[in-house]
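Residues per chain are reported as follows:
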Amino acid sequence: MKGFLKYVNVTEIVRPIGQLLAFSCGSAVVMSAIAIGIALMLDKTAVGVDLLDRYNVSVYTYTMINLPQVVIDGLTIGFVYAAIALGYTMVYGVLEFINFAHSEIFAVGAFVGVELLIALDSSGMLAGASLGMAYSYLILAILMGMLAAGGLAMTVERVAYRPLRGASRLVPLISAIGVSFFLQDVIRLVESLTTGQFNRIMPTFGNFDQRIVFGKFAMGTSNITLGISVKSIVVIVSAVLMLVALNYLVNATRIGKAIRAVAQDRNTASLMGINVNRIISTTFLVGGMLGGAAGVLYALKFTRIDPFVGFFPGLKAFTAAVLGGIGNLTGALLGGIVLGMLETFAGSYMGIFTMGAAGSEYKDIFAFSILILVLIFRPQGLMGKNVGQKA
Amino acid sequence: MSSFSFKDAFDKVNQGPLPYLIVFAHIVTGTLLVYFQPRSNLAFLVLMSSFLSLYFFNTSNRFKITAAVVMTLLIMPILGVRNIFYLEVIFQISVFAALALGLNIVVGFAGLLDLGYVAFYAVGAYLWAFFGSQQFFVLPYAPGTQPSDLPFLLAGDFFYLFMMLGVIVAAMTGILLGLPVLRVRGDYLAIVTLGFGEVIRVLANNLDKPLNFTNGPQGITPIQRPSMPDWVVDWFNTIFGPLVGHEVNTSHMYNLWFYILALMVIMVIVFVTKRLDDSAMGRAWTAVREDETAAIAQGIPLVKTKLSAFAVGASFAGIMGVLLAASRTFISPESFSFMQSIGVLSMVILGGSGSIPGVILGAATITILNLQVLQGFSLYLNELRQSDAIIPIINFAWSDLSTQLDPAKYQRLLFGLILILMMIFRPQGLIPAKRRERKLALEKTE
Amino acid sequence: MALLEIENLTKTFGGLRAIGGVSFSLEKGMIVSIIGPNGAGKTTFFNTLTGIYKPTEGSIKFNGKSLVGLRPDQIAARGISRTFQNIRLFQEMTVIENILTGMHVHMKQSGIDTLFRLPTFKKEEKEAEQKALRLMKYVGIKGDVGNDLAKNLPYGAQRRLEIARALAADPLLLLLDEPAAGMNPQETEEITRLFRRIREEMGITILLIEHDMRVVMNISENICVMDYGEKIAEGTPAEIRSNTSVIEAYLGRGAVAGQHEEKIA
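As they're listed, the protein sequences go chains A, B and C.
If you read the first sequence in UniProt numbering, its first letter stands for residue 1, the second for the next number, and so on.
If you read the second sequence in UniProt numbering, its first letter stands for residue 1, the second for the next number, and so on.
If you read the third sequence in UniProt numbering, its first letter stands for residue 1, the second for the next number, and so on.
Pulled out of the complex, with its shape left as it was, chain A reads as follows (with noise of 0.2 angstroms):
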């Protein structure tokens, strides 16, 4: 065991667990804070009479009566954004690119672990699967989604972007969307194709549909229920290893070393003898591993997926890494958590608190507010350095 970790560099591993536990537990109390502190505010105005009268509970009530589900709603979304984020700030950091097309790998993994799944609940594996197996399936939908995603995020960098390397900003972007399009109608004319139907959901199967309670106390008239679907401990823990996994390999292994020579200066990483294409080939096959892993988990937590799945999420996860700072690991994380997070609020309370006007349909749109809003004030993200621009 010790000869072993001789090999291992442990602070690479607690120091992102470390983070992660800092980011969920300072966004949930910091955002809880604020959803109680606004509640109170209305509890005495017109909003919460008007609750009062038709459901007979006070705002504050409400709003603690729903936290726990938020918080979790909130960290599970969090942990999946933060996983495809990664795959824009890796590529971001490489070549200053944004992957336009990475919401479509991500919606390709999603697709390939869910019809590998639905192929395997068709001949009955499913079914009768024991809890030990029905784990062993999904992580192996998971890896398929992984592979398949990896592999198309370089097919891609090599195809439609490696050939525009040198040409003006715009034109690989440009490229990127075309791409983009090109497969959220290949998703669909395959699956017409094979299956007949775009739509494909998620079979239920195992215990993740399950509900882990941890305990109910009062709270006035109602209870408030604390508890855990066992799909998003899967989703929380599997982000997780994920996330930690990379982190490891970009600061504590040769290719990473690489990657982040490559991300500092391209032309120097070459002189050095680095293999400057193969390792933007790894850093897309990287990021598209972990947006087809973050696919499957997706499809696991929300079961319908279409070819267009990845668009929002995908966008979102895009406004996570500029909100941490495009180009930095950590940042996408707290992007990613603080994005899933404020979106799970606004989406929850905004309905009660602006009595109705403006509900969860405006969730999505929250996304690009916020964007627009760090963009605007604090372009380089919340954890990026300030560079000056070269003149």
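Everything labelled a hint here was simulated from the structure, so no lab data went into it.
Source: prediction; values computed, not measured.
We treat Cβ as the ideally placed atom computed from N, Cα and C, and that holds for glycine.
Please note that a few of the clues may not be correct.
Only pairs whose alpha carbons sit at most 20 angstroms apart, straight line, appear in this in silico SDA-like list of lysine to any residue [what the hints assert, rightly or not]:
1) C/Lys142 / C/Phe116
2) B/Lys209 / A/Gly351
3) B/Lys274 / C/Asn147
4) A/Lys363 / A/Gln380
5) B/Lys439 / C/Arg193
6) C/Lys126 / B/Arg275
7) A/Lys363 / B/Val199
8) B/Lys409 / A/Gly166
9) B/Lys304 / C/Gln158
10) B/Lys209 / A/Ser360
11) B/Lys409 / A/Met355
12) B/Lys439 / C/Leu149
13) B/Lys274 / C/Phe116
14) B/Lys304 / C/Lys142
15) C/Lys54 / B/Leu52
16) C/Lys142 / C/Arg193
17) C/Lys108 / B/Leu307
18) B/Lys274 / C/Glu125
19) C/Lys122 / B/Leu307
20) C/Lys151 / A/Gly166
21) B/Lys274 / C/Lys126
22) B/Lys209 / A/Phe198
Derived Cβ-Cβ restraints for the label pairs, each shown as a range [to be verified]:
23) C/Gln91 / A/Thr354: 37 to 45 angstroms
24) A/Val30 / C/Leu115: 48 to 56 angstroms
25) B/Phe137 / A/Val49: 44 to 52 angstroms
26) B/Gln404 / A/Asp53: 58 to 66 angstroms
Here chain B is said to cover these stretches of chain A; the calculated rule only asks that three of the stretch's residues, wherever they fall, bring their Cβ under 8 angstroms from a Cβ of chain B [what the hints assert, rightly or not]:
27) 169–179
28) 354–361
With the hints as your guide, set chains B and C onto chain A.
Using the frame of chain A, we list chains B and C on its own:
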């Protein structure tokens, strides 16, 4: 012996009186083909491609203008009312050409990648949709619950005023949206404008409460058409009736009317674009596109210059939005999706960003691909499905082909492929932009 | 009153002090050179002067008015034009259009003028075009290349075009960043003569960064030497030649490097 090249051959043909003959023959052939084969897509393509001959062959400007006027104002309308589908196609081409010309100012001239361009189109459309329908009186009602006997707010006459208002409101929206975001770097700007496009669409979807401004996802209908003098229909029938072969009714006349309006808008847009391009403002746009740092060192204010491009581009979309709302008499948020923005972008990129003829060609090509080629392909597949035909070798019965496979719905594939292939193989577009040749001579008297 | 008065100018990037407390003044009608080894902060000095960077500390007064806090375009409008170390022309625009762009700050045409081609517009454009043509000849761009794209010009002509574009704004002060870089001895001599003419015929004050000592010693009335972001000496060419700290800090190794560069060029 010099080797044969297409360009040499073209240059050889393209001199003296021969080009006039070729262009004339092309137009006449196209016209006759469409006249006698009104259902043939191929005939229509021959006719449309005569615009290309007109553009590429070396004829005098007077000939070009006369031919273009005859084509667009005489031949197209007559053939169009004979087969109303063609009129729809050329109307859509005109609408998209106008949009693409507007986006061209933003993307092609100023180099700002705007992925939410249809937001301004939506602003124009909803502007007339709100004031030119019963929506004002529907404000207090949730969608679907309003009484059926509500009056219209404004009469059709106001439409023409609202075309002007559409320009102003869309330009103001452009400035309002642009002010905060035009400071951000180019690739971020693309994502931010995409975000704005989505914001406008989500707003259109959800502003049916607390007050019902947009009627939500169901959209607003009916929307007033502009007033059209009564004598127009009679007049058209008297003059062109024999050629058309049947009496034209008011509804068809409206189609024609909107087509003419769209053409007029395009002419204004081309005029404005050309004038602006060849002025201090246009040079500032291009300078900013080429090199921001060098541009600002020449005293060109970045934000103001970008804002002006944004506003001018937006105003073109605004006026077309008003026109769209009136011509469709119905609008819903669905018409203003991200895909529409990318569609318009594909037109600009395909034709040649910064090039006016290029962008019009791009708009025509993609609209025809969309409306005729993809849909024709869909119909063909449907026919195959109905038949007993079987693909040989793999023994696949066409009737088993999934009904989900409808090529007409695969626009994303089309747009995506166009964008990728153009970026890799011909980033300057089909008809690349050219700088104006100046007649330069130093005058001695000083 | 001096045309340009800089006091205690400081610019830091994060922890890096690119310019550290430089004070400097420039009289109207002079030609002054800034020299110093690579990375001495010369270009950063230009960038801070023209507003691309905001100074961390210090004051810049031009014609008696402070430039600190102004945007680069506002500073350009006050009468400071510049060229860049690596030529930054508007590649896809024609030669004439590049020069016309330089006149942007003086253009009075309004939107209405532009749209309807009113006489005022036509007159202004015509005059601008004539002026651009004269400038093109003045800086020595040969041939009928006014309609050529800037990117298609040979290297030397591109350098000259950048100078013409800067002159188009009728500046009071012209900043030239290594204008002779990459030129052969004959071209260098021509361009040096051009700078003299610009000063004498147009009355424009010139501040230039240059590595080529023949240019510097030949035309400068004053030389400012920078090293590690600080001004280490200032004086006439003769004074600088004999200044021991300059010889130690710069000429000792710089002279060798300078000859080396010539060979490459």
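Do the hints match the structure? See the list:
{"no.": "1", "hint": "C/Lys142 / C/Phe116", "verdict": "35 angstroms, violated"}
{"no.": "2", "hint": "B/Lys209 / A/Gly351", "verdict": "12 angstroms, holds"}
{"no.": "3", "hint": "B/Lys274 / C/Asn147", "verdict": "18 angstroms, holds"}
{"no.": "4", "hint": "A/Lys363 / A/Gln380", "verdict": "24 angstroms, violated"}
{"no.": "5", "hint": "B/Lys439 / C/Arg193", "verdict": "30 angstroms, violated"}
{"no.": "6", "hint": "C/Lys126 / B/Arg275", "verdict": "15 angstroms, holds"}
{"no.": "7", "hint": "A/Lys363 / B/Val199", "verdict": "11 angstroms, holds"}
{"no.": "8", "hint": "B/Lys409 / A/Gly166", "verdict": "35 angstroms, violated"}
{"no.": "9", "hint": "B/Lys304 / C/Gln158", "verdict": "28 angstroms, violated"}
{"no.": "10", "hint": "B/Lys209 / A/Ser360", "verdict": "13 angstroms, holds"}
{"no.": "11", "hint": "B/Lys409 / A/Met355", "verdict": "40 angstroms, violated"}
{"no.": "12", "hint": "B/Lys439 / C/Leu149", "verdict": "15 angstroms, holds"}
{"no.": "13", "hint": "B/Lys274 / C/Phe116", "verdict": "11 angstroms, holds"}
{"no.": "14", "hint": "B/Lys304 / C/Lys142", "verdict": "35 angstroms, violated"}
{"no.": "15", "hint": "C/Lys54 / B/Leu52", "verdict": "53 angstroms, violated"}
{"no.": "16", "hint": "C/Lys142 / C/Arg193", "verdict": "16 angstroms, holds"}
{"no.": "17", "hint": "C/Lys108 / B/Leu307", "verdict": "19 angstroms, holds"}
{"no.": "18", "hint": "B/Lys274 / C/Glu125", "verdict": "15 angstroms, holds"}
{"no.": "19", "hint": "C/Lys122 / B/Leu307", "verdict": "25 angstroms, violated"}
{"no.": "20", "hint": "C/Lys151 / A/Gly166", "verdict": "17 angstroms, holds"}
{"no.": "21", "hint": "B/Lys274 / C/Lys126", "verdict": "17 angstroms, holds"}
{"no.": "22", "hint": "B/Lys209 / A/Phe198", "verdict": "33 angstroms, violated"}
{"no.": "23", "hint": "C/Gln91 / A/Thr354: 37 to 45 angstroms", "verdict": "52 angstroms, violated"}
{"no.": "24", "hint": "A/Val30 / C/Leu115: 48 to 56 angstroms", "verdict": "53 angstroms, holds"}
{"no.": "25", "hint": "B/Phe137 / A/Val49: 44 to 52 angstroms", "verdict": "31 angstroms, violated"}
{"no.": "26", "hint": "B/Gln404 / A/Asp53: 58 to 66 angstroms", "verdict": "48 angstroms, violated"}
{"no.": "27", "hint": "169–179", "verdict": "holds (count 10)"}
{"no.": "28", "hint": "354–361", "verdict": "holds (count 4)"}
When held up to the earlier numbered hints, the structure conflicts with 1, 4, 5, 8, 9, 11, 14, 15, 19, 22, 23, 25 and 26 and fits the remainder.
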